[in-house]
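Colleague: Here is how the chains run, residue by residue.
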Amino acid sequence: MVGIVGYGAYIPKYRIKVESIAAQWGANAESYKKGLMVEEKSVPAPDQDTITMAVEATRRALQRAEIDPRKIGAVYVGSESHPYAVKPSGTTLAEAIGATPDIHCADYEFACKAGTEAMFVALQLVKAGEMDYALAVGADTSQGAPGDALEYTASAGAAAFIMGKTDVIAVCEHTYSYMTDTPDFWRREHQFYPQHGGRFTGEPAYFKHINNCGKTLLEKAGLTPQDFAFAVFHQPNGKFPLRVGKMLGFSKEQLAQGLLCPKIGNTYSGSSPLGLTAILDVAKPGDLVFMVSYGSGAGSDGFIWRITDQIDKVRDKAPKTWDIIQGDKVYLDYGLYAKFRHKILKNV
Amino acid sequence: MSVSKYWREIPHRYRLEAGKCKQCGKIYFPGRLICPECGGREFDTIQLKREGKLLTYTIIHVGPSRFADQVPYVVGIVELQDGVRLLCQVADCDLDRLQIGLPVKIEFRRISEEGEAGIIHYGYKCVPV
Ligand SMILES: [Zn+2]
Numbered sequence: 001m002v003g004i005v006g007y008g009a010y011i012p013k014y015r016i017k018v019e020s021i022a023a024q025w026g027a028n029a030e031s032y033k034k035g036l037m038v039e040e041k042s043v044p045a046p047d048q049d050t051i052t053m054a055v056e057a058t059r060r061a062l063q064r065a066e067i068d069p070r071k072i073g074a075v076y077v078g079s080e081s082h083p084y085a086v087k088p089s090g091t092t093l094a095e096a097i098g099a100t101p102d103i104h105c106a107d108y109e110f111a112c113k114a115g116t117e118a119m120f121v122a123l124q125l126v127k128a129g130e131m132d133y134a135l136a137v138g139a140d141t142s143q144g145a146p147g148d149a150l151e152y153t154a155s156a157g158a159a160a161f162i163m164g165k166t167d168v169i170a171v172c173e174h175t176y177s178y179m180t181d182t183p184d185f186w187r188r189e190h191q192f193y194p195q196h197g198g199r200f201t202g203e204p205a206y207f208k209h210i211n212n213c214g215k216t217l218l219e220k221a222g223l224t225p226q227d228f229a230f231a232v233f234h235q236p237n238g239k240f241p242l243r244v245g246k247m248l249g250f251s252k253e254q255l256a257q258g259l260l261c262p263k264i265g266n267t268y269s270g271s272s273p274l275g276l277t278a279i280l281d282v283a284k285p286g287d288l289v290f291m292v293s294y295g296s297g298a299g300s301d302g303f304i305w306r307i308t309d310q311i312d313k314v315r316d317k318a319p320k321t322w323d324i325i326q327g328d329k330v331y332l333d334y335g336l337y338a339k340f341r342h343k344i345l346k347n348v
Numbered sequence: 349m350s351v352s353k354y355w356r357e358i359p360h361r362y363r364l365e366a367g368k369c370k371q372c373g374k375i376y377f378p379g380r381l382i383c384p385e386c387g388g389r390e391f392d393t394i395q396l397k398r399e400g401k402l403l404t405y406t407i408i409h410v411g412p413s414r415f416a417d418q419v420p421y422v423v424g425i426v427e428l429q430d431g432v433r434l435l436c437q438v439a440d441c442d443l444d445r446l447q448i449g450l451p452v453k454i455e456f457r458r459i460s461e462e463g464e465a466g467i468i469h470y471g472y473k474c475v476p477v
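Top line first, the protein sequences correspond to chains Y and Z. Just so we're aligned: 134 in the working numbering is position 134 of the first sequence, and the numbers increase by one with no gaps anywhere. In the working numbering, each residue's number is its place in the second sequence (first place is 1) plus 348.
Source of the hints: derived by calculation from the structure; they are not laboratory data. Some clues are possibly wrong.
So, partial list: chain Z residues that the calculated Cβ filter (under 7 Å) puts toward chain Y [unchecked claim]: (1) Trp-355; (2) Ile-358; (3) Lys-370; (4) Lys-374; (5) Phe-456; (6) Arg-457; (7) Glu-461; (8) Ile-468.
Each residue gets a CB set at the ideal place from its N, CA and C atoms; glycine is no exception.
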């Protein structure tokens, strides 16, 4: 039985409301709020990035797993905002938690599904018997161009999972991945902001991949949506996951606990992984959890998790995701937000 | 800061590694070669506790060039639960919330960077609990 032995979430305390962004660009806040189903998004402090948030989320995962970090055999960080173009994020993370030097390290990239890629590989390595534990992190500090629809959602957060085979809290019962070459969203080297195909990002991209991944995953497992207590999908906005959930046969109620986007925005590689942490915070032993990520380019990773009795011993050992979201927060105006996100170019 | 100096300091900057004198038990952060207290030369490597309280602080309004964009920012002395005191920035804190005795915890943050093209210096700061 291979699965998650510890998990941790990190979300910066800064937020900006849709109203503050819309006011800057003369846009109608209500139509964005309704259209995207997003109220506010998280913003990283100037001294935070993918690496710092990955470290904090991992410390929380270690608090829950209560294992010696030196037993971790692999560290994988998935992100589209690695701080360096060349130099891995995983080396700093592994050094910060004291997991070096007997460890395999790689950074993953695949737009918003880099986090679940890391989870997928970490799981398989433990399953293959190559190591006792493997660490997978999805973390991003994503940028949307000023005034672009993406600016209302691109946010920051990190989720970390330690995979193992003893004292597992969520067993990974099935996985399935679905991938095609679909240019719905991209960023060329040296470009600061990404570009996207507008409406093209919907049907042939997000919906097609999650739907096909989800359907095959259900078939593979011989299960129906009604068998699951919770479901979580990638959340580029609040609306898409509800719609794709409905297409697959999942109800709003099954999605509610893991649907974080309306309150924190799209955390990219952290998106469905953070949703999973919120579900683990409340899931009961025996519950089944359905998870499908999405990364532009494009592909989806699907997982079916079965919660074990161990969950009750573990979840209170670190901060819970909805408590972090609803806890201490600071709202930024657009000017300070632009400064925090380096959208203002200074004369050097 | 040179790359080699930064690299040498990784254990204490990233993991709060300290040296505990095997003879008298005094903790040094960062570690030392000889204990000034008892002359001991053998130390255990320990990791400091990550929770503590703010002992004192100052608000910097005119910072050195590398920190100029951060003003006003706060630098304080934190006493960690194991009694060790360290100097660090206080992040994510409203200035009017600052007070002596404020419960804080250590978080991993960016401290500075060598311009746009150089290395990024990571390390510890404290944040209000
Ligand atoms: Zn001594």
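Colleague: All hints are to be evaluated individually against the structure, with a verdict given for each.
Modeller: Each hint tested on the structure:
1. Trp-355: Violated - the Cβ of Z:Trp-355 stays beyond 7 Å from chain Y, reaching only about 10 Å at its closest.
2. Ile-358: 6 Å, holds
3. Lys-370: Violated, because the Cβ-Cβ distance from Z:Lys-370 to chain Y comes to roughly 21 Å (cut-off 7 Å).
4. Lys-374: Z:Lys-374 check fails; min Cβ-Cβ to chain Y is 23 Å, beyond 7 Å.
5. Phe-456: 4 Å, holds
6. Arg-457: OK, holds: Z:Arg-457 within 7 Å of chain Y, min 4 Å.
7. Glu-461: 9 Å, violated
8. Ile-468: 6 Å, holds
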